[in-house]
Every structure is written in structure tokens, then in C-alpha cells.
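Quick note, the sequences are listed as chains L and Y, same order. Mind the numbering: the first sequence is residues 3 to 351 in my numbering, read in order. Mind the numbering: the second sequence is residues 3 to 351 in my numbering, read in order.
Just so you know, the hints here were simulated from the structure itself, not pulled from any lab data. Just so you know, these numbers come straight off a predicted model, no measurement behind them. Mixed in with the good hints, there may be bad ones.
[To be verified] Pairwise CB distance ranges (calculated):
(1) L:Asp69 / Y:Val271: 53 to 61 Å
(2) L:Glu226 / Y:Gly314: 52 to 60 Å
(3) Y:Thr28 / L:Arg11: 32 to 40 Å
(4) Y:Gly314 / L:Glu159: 14 to 22 Å
(5) L:Glu168 / Y:Asp52: 19 to 27 Å
(6) L:Arg11 / Y:Val271: 41 to 49 Å
(7) Y:Ser332 / L:Lys31: 47 to 55 Å
(8) L:Lys31 / Y:Lys157: 27 to 35 Å
(9) L:Lys310 / Y:Asp52: 20 to 28 Å
Positions of the beta carbon are idealized from the N, C-alpha and C atoms, including for glycine.
Number of protein chains: 2
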Amino acid sequence: MTDNTNPQRTELSALGEFGLISHLTTGLKTFHKSTLKGVGDDAAVIDNGDEVTLVSKDLLVEGVHFDLTYTPLRHLGYKAAVVNISDIVAMNGTPTQMLVGISVSNRFSVEALDELYAGIRLACERYKVDLVGGDTTSSVSGLFLSITVIGRAKKEEVVYRNTAREHDLICVSGDLGGAYIGLLLLEREKQVYKANPQMQPELEGNDYVLERQLKPEARVDVLEKLRLAGIKPTAMIDISDGLASEVLHIAKDSGLGCRIYENKIPIDVVTADIAAEFKLDPTTAAMNGGEDYELLFTVDVNDFEKVKDLKGIHIIGHMLEKAEGEYLISNGGSLYPIEAQGFDHMKVD
Amino acid sequence: MTDNTNPQRTELSALGEFGLISHLTTGLKTFHKSTLKGVGDDAAVIDNGDEVTLVSKDLLVEGVHFDLTYTPLRHLGYKAAVVNISDIVAMNGTPTQMLVGISVSNRFSVEALDELYAGIRLACERYKVDLVGGDTTSSVSGLFLSITVIGRAKKEEVVYRNTAREHDLICVSGDLGGAYIGLLLLEREKQVYKANPQMQPELEGNDYVLERQLKPEARVDVLEKLRLAGIKPTAMIDISDGLASEVLHIAKDSGLGCRIYENKIPIDVVTADIAAEFKLDPTTAAMNGGEDYELLFTVDVNDFEKVKDLKGIHIIGHMLEKAEGEYLISNGGSLYPIEAQGFDHMKVD
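The shape of chain L in the complex, shown without the other chains:
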């Protein structure tokens, strides 16, 4: 029969997720002038005249992106929808429609899918997104979710990740690291539960970080705030893989260097407290954790006065010329190179 083996075998982990995507998509030709942006941002951008259509797509795979032993299906549905909505928001667009693909084994019942869909519908109502299609099919094992979100924006309003400029201020919304700390807590309680199923989980008082992990939100409110303040970011991305990975995307794609000040990185007190319990530096959680779905963006240095007092927005650094490299300036004043050590789902294997 067909021989799918190949004399040369390169493991997927050798390239990593970003390396693999780059490898698979190099040299792509485009046929349509309407394709304003293809691979390489939070969403594709398609020209429709005055407006553009934004399209984003993410996969969520059981055992890789979520663990159903501690993720309620309703939360999973909500989160799956939100992380895709967040990609449209990160382009400064308005999410409008969604398509949902679900592949499930017969381990799941109709009632289980109802729960999953209840979460998806809740997110659609919360963000005013129309669920317009999709596909539901069986799998041999496990649950796979594939969500596509469509959005729109005026052409001149779209914000890419590769358009930061030298001297721009680097800003972030909300606080970071909480989602990762929430995940650590859930993983710890899972181990306790496996060792002794009679034990009750110790999750009280940790609601904030659990919610950050289980029920993230897309920061449409931040876009609104920036608009009201008369600020258009020069570049933007959402933080799905940790601050380090995302700031490197902006810097490298814009052909620039950057500085991030450790003492400016916003970290919630609950996050810091629980990080200490785990003997983990909260800066590490913020830099390399991921799944916070906050917005990381750059603004013109002349917008400093407009941005400095905006509630929930933090200026954490600035862009420099490329030769300056990308560094974190620690509380002690030392320079540490910023390296992407974020969630690399290709390494989970």
C-alpha cells in the first residue's frame, strides 16, 4: 500500500511551533489583491473596499491545550471562543461572526456537548458575535475544537504587529502571569486528587488566578478606552504565549530592539503570593507563562501624556533600534536577554 515513510525524518520538536509554521508557509504565492495580510499576524486581513474582513483560526486539543479533569466543559467552550475573539481584538477589529468545528469521541454525550456549546454561546452573547456555522464530527479519541472568528475594521484602523517604530512606548493591559499560576494550582490539585480521590481541592481564596486560567476575557474594553483617549496603537498583539514571546514578535517583525522594565510589569498580588508558594519568580510567570489574553501594544512617544494615566494600562518599556537587541532590565538594573520560552505546544509530545 502507500508508503508514507521518508528516508529523511525531522522531528516536529526540532522546529517548534513557530519554526514549523514558518517552514510550512515560506514562499507562498498570493493570487488576490484583496489579501492584505496572510500568515504572520493574529488574523488574516482581507480587503473589502473601505472595510477589511479579519479572519482568525485556532485549534484547541484535549491533552495539549486543556485537561478535562479540571476544566468544566462550559468554561472550555467560553475560553475557546474568547481566545479567538481576542485575535480579532488584537488587530483593533470588531469580532462579528464565528464558526465552530468540534470533533469528539463517543466518550462524550449530547449533554456534554450542550455544556460546551453553552459556554461558546455565552461568549458569543457577551461579545456580540454571531455563530454562523461549523462542523461537528466524531473522533477516534479525545476532543478537538477548531474555531474561526471573523471580524471587521475600517482599513485605516487595523493595527498589525510589525509596525512598531523606534522610541515607541510599550504598553500592556491588565496584569500578567495569573493564568499560568492558575494552571499550576489546578495541576497541583489534580496530583493531590489522583493520590487521594477523597481529598477536597484547596482552591478557596484563589478565585482570581483560577478565573484567569479558566475564564479569560478578550479586551474589547481596552480598544474602546484607547479610542476614547484618541490613541491608535502603532503595533499590537494579544498575550497568548507570555510577554517574552509576544514582545519578541513585535520587535523582530518590526525590525527593532526593545527594553522591558521588570518593575513596570503589572502583576496582581494574588498571582505574586501564590507564585511565592510555588517558589516561582512572578516575573517568570508573566514573561513565560501565557494565556493571559491581555493586549500588548506600542504607542507613539508623543502619546505619553494621553496614555500614562489610563486606568488598567501600564507602560512597561520602549522600542529601540534593532542593534540594541531585546532586553529585560531587572529590578537590580541588570540586562537579561528576552527569550521566547512560552508555551510551545509542539514540545508537549
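For chain L, the structure is supplied; the task is to place chain Y on it using the hints.
Frame of chain L, contents of chain Y only:
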């Protein structure tokens, strides 16, 4: 920890694929006037002024939709792209952009993904579709493909499946049943191979049906032919699940009945010959097989003269009022109720 069990448990197979989608999507609210069509056609339709954006999404799951023991990865990539492109074509639209989501276990190498992508790229070049994004991630086991295709059409050109009218002629492009017969052949050779791996597969002379199964095409050429002939279909769908299932979609969604004449159903001589080998009625292969990706459409009875001599287009029946029901008129003149027994991937479990 979290309790995902439910006192009531309804098996997914109790609803079937269409029943499940309908169950999960009932009562959906829409917030945007731009949502012209949501769930329930080959693609969603989104208003952009004079034009619309069409969006379609399909999942392909290893062990459910394809078997890698006889499906070369390059063919799989091509087919996965084409079946999605076909959904846009079935709306009378032009496919323009594509997003590809791939989830793979570490059983696959970079070279294997290169093969898969080579097939996807080939389809994109053949159909002039821009690959604009997606997601690549690991899975615990198996290969999952999730493809989203974007298309466009002038608003007045879009053809839905629920707009057939009484007395319309029912037409189909190409010939039917070949893809299913090709699948039977491949399955048979797989069993022979499992029994004795030294045996060479007997696939010679069967290229036509193997190609129908492994390398289907989207019928953009049929749309062009209809345009040149001055025919706009009144309703249209692509044949992914077999003629029976698709004609029922058009009839039921349009609130009509229909008659299909067995002796008018186009079946290639190779398909008929191999069906005989399998002691299978070729009409059954056409009605219930699926994956031919031909276009099934209705035209106004006044277009009879325009359509009757179009090469590769066959008039196979007509629409009637609802009370007349949906029947196949056999070669012997008997009436058989048309029932959807097509590929129901929910029953694969």
C-alpha cells in the same frame, strides 16, 4: 475536582451528525445585520455592501474521514483543501482565501507535514486561493485537519440550498458513485494487504474511481459553464454525502417534494463495472455513497432548452409540491422513498 458527568446521558449516535448540529444550534440569536446566512448551508454568508463574504469550515479526522494506510499525505492535503473550496463553489462563489489548522502527534515528521502541505498548496494554486493563516499544534494521537475557506460573490449571485421552486428541473454535474466505489476498492486491498503484506495491490485499470476517491475536484468549471449559458441555478449544493442526502436537503429546506429518475443518474462505466464486482447496485453507490463533490442544482423549467445539451450536466428529475414527497422512480417504474443513508460520521463511533 470538576464533575463533568451528567445524570442524563444521550449518546451522540442517537442524534446523528445533522441532528446534532441542529440540536446544538437551535435558537441562535444574531447581533449583526451583516449575517445574511448562518448555520444551514454550504457556507455562511456575510454582507459587505455589493459583495458578500462566504465562509466555510470542515474538519477531517484520521480514522474517521481518512485512512493513512492508503491515502498519500499529498492527496489528503489536496482533498482537504478541495472539499472546502467545493463548499464555496456550491454557493456560486469564488474561493479566494484559506486558513489551515493542523493537529498532529509526534508520529509525524516535518517531511510528512511537508507532503501534506504540498497537496494543500497544489490545490491553492489550481484554484487560485491564497493561504492566509492557520494554526499548527500537536495532538496526543492522530492527525486532525481543520480548513476554513473564504470566498466572495456579488450579493445577487449567491445561490442557497433552500430556494428551489416547484417545477424546477434537478440537475447534476459529472457522474456519481465513483468516489465510493474507489473507497471500497482501497478498503478491499487494505484487507488483502493486512492478510499478506507481500501481496501487491490490484489497483490497475481502476484509476478513474481511485482518483474520484483520492483526488476529487471542485466544479468551478460548471459554474463558468452555467454563466456562459445564461443560467443561474435556483438552488445548489455540493454532493459530499451522496445524492439522496443532498437532494433531501434541497427539497426539505425549500419546503418541496421531488422526483429523481434512476435511469437519468449519471454513472461512469468503470464505476458500474466495479460495483458489479462488489455485487453492489451502482444506483445505491450514487444515492448513498458520497464524496463525489459534484454539484446538484435546480434550474427554472424555462431554462430547459439552455441546459439540456450542456456537456457534463444531466437533468435527473424535478421539484414538486411538498405533499408529493421525495421519491426515486426506478428503472422498472416503481417509486422508492428517498432516504438519507449517506456518510454519517457520527455513527462511525
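Evaluated hints:
Hint check: aspartate 69 of chain L to valine 271 of chain Y, Cβ distance near 54 Å, so the stated range 53 to 61 Å holds. In this structure the supplied range 52 to 60 Å holds for glutamate 226 of chain L paired with glycine 314 of chain Y, their Cβ-Cβ distance being about 54 Å. Taken as a hint, the range 32 to 40 Å is violated for the pair threonine 28 of chain Y and arginine 11 of chain L, whose Cβ atoms sit roughly 48 Å apart. Distance hint check for glycine 314 of chain Y and glutamate 159 of chain L: the Cβ-Cβ separation is about 46 Å, which falls outside the suggested range of 14 to 22 Å.
Between glutamate 168 of chain L and aspartate 52 of chain Y the CB atoms are about 41 Å apart, so this pair departs from the stated range of 19 to 27 Å. Between arginine 11 of chain L and valine 271 of chain Y, the C-beta spacing of about 43 Å keeps the proposed range 41 to 49 Å intact. The supplied range of 47 to 55 Å is met by serine 332 of chain Y and lysine 31 of chain L, whose beta-carbon atoms lie about 50 Å from each other. Checked against the given bound of 27 to 35 Å, the beta carbons of lysine 31 of chain L and lysine 157 of chain Y, roughly 29 Å apart, stay inside it.
Between lysine 310 of chain L and aspartate 52 of chain Y the CB atoms are about 44 Å apart, so this pair departs from the stated range of 20 to 28 Å.
Of the numbered hints stated above, those contradicted by the structure are hints 3, 4, 5 and 9, listed in ascending order.
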